[in-house]
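Asks: Sequence:
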Amino acid sequence: MGSHPCDSHLWMGKLDSFHPQEVADLLHSMKQGSVIVDFVTFKALLDAFIRSGKLDSALEILDIMEEPGTSLNIQIYNSVLIALVRKNQVSLALSIFFKLLEDET
1 MGSHPCDSHL WMGKLDSFHP QEVADLLHSM KQGSVIVDFV TFKALLDAFI RSGKLDSALE
61 ILDIMEEPGT SLNIQIYNSV LIALVRKNQV SLALSIFFKL LEDET
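Using UniProt numbering, you'd call the opening residue of the sequence shown number 1 and step up by one each time.
Any given hint could turn out to be false.
[As the list claims (entries may be wrong)] Straight-line C-alpha distance at most 27 Å; calculated DSS-like pairs for lysine-lysine:
#1 K99 to K43
#2 K43 to K54
#3 K87 to K54
#4 K31 to K54
#5 K99 to K54
#6 K87 to K31
#7 K31 to K43
#8 K99 to K87
#9 K87 to K43
Simulated from the structure, these hints should not be mistaken for laboratory data.
Given these sequences and hints, build the entire structure.
Replies: Structure, rendered in structure tokens:
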């Protein structure tokens with residue numbers, strides 16, 4: 001079975017009706033079903049959770065995204081790091097940042 005890309009437009013307008021665990025379960029199911037969840041989709045999910053004040057949910061999505069087989073770029077982390085600093089969770093932002101630095105070396 002081949003991989004199928006997932007466009008972010010599928011998520012638009014629907015995110016408010018999902019609970020974070022439902023989104024996490026759906027992402028896991030999609031990965032198991034060989035659906036490629038692209039960068040644009042992940043970024044849209046993260047940004048939507050962050051804008052709605054659900055930073056914990058955004059961090060859960062980030063954990064799913066960090067699973068093996070998913071490539072992330074700095075733009076994904078920037079959204080989360082900025083949101084953490086704005087919420088005065090600087091120590092968590094720094095720990096993620098330093099983890100990224102370690103992974104680069």
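Asks: With reference to the structure, classify each hint as holding or not holding.
Replies: Status of each hint after checking the structure:
no.: 1; hint: K99 to K43; result: holds, 20 Å
no.: 2; hint: K43 to K54; result: holds, 14 Å
no.: 3; hint: K87 to K54; result: holds, 11 Å
no.: 4; hint: K31 to K54; result: holds, 23 Å
no.: 5; hint: K99 to K54; result: holds, 23 Å
no.: 6; hint: K87 to K31; result: violated, 31 Å
no.: 7; hint: K31 to K43; result: holds, 16 Å
no.: 8; hint: K99 to K87; result: holds, 20 Å
no.: 9; hint: K87 to K43; result: holds, 19 Å
Consistency note: the structure conflicts with earlier hint 6 alone.
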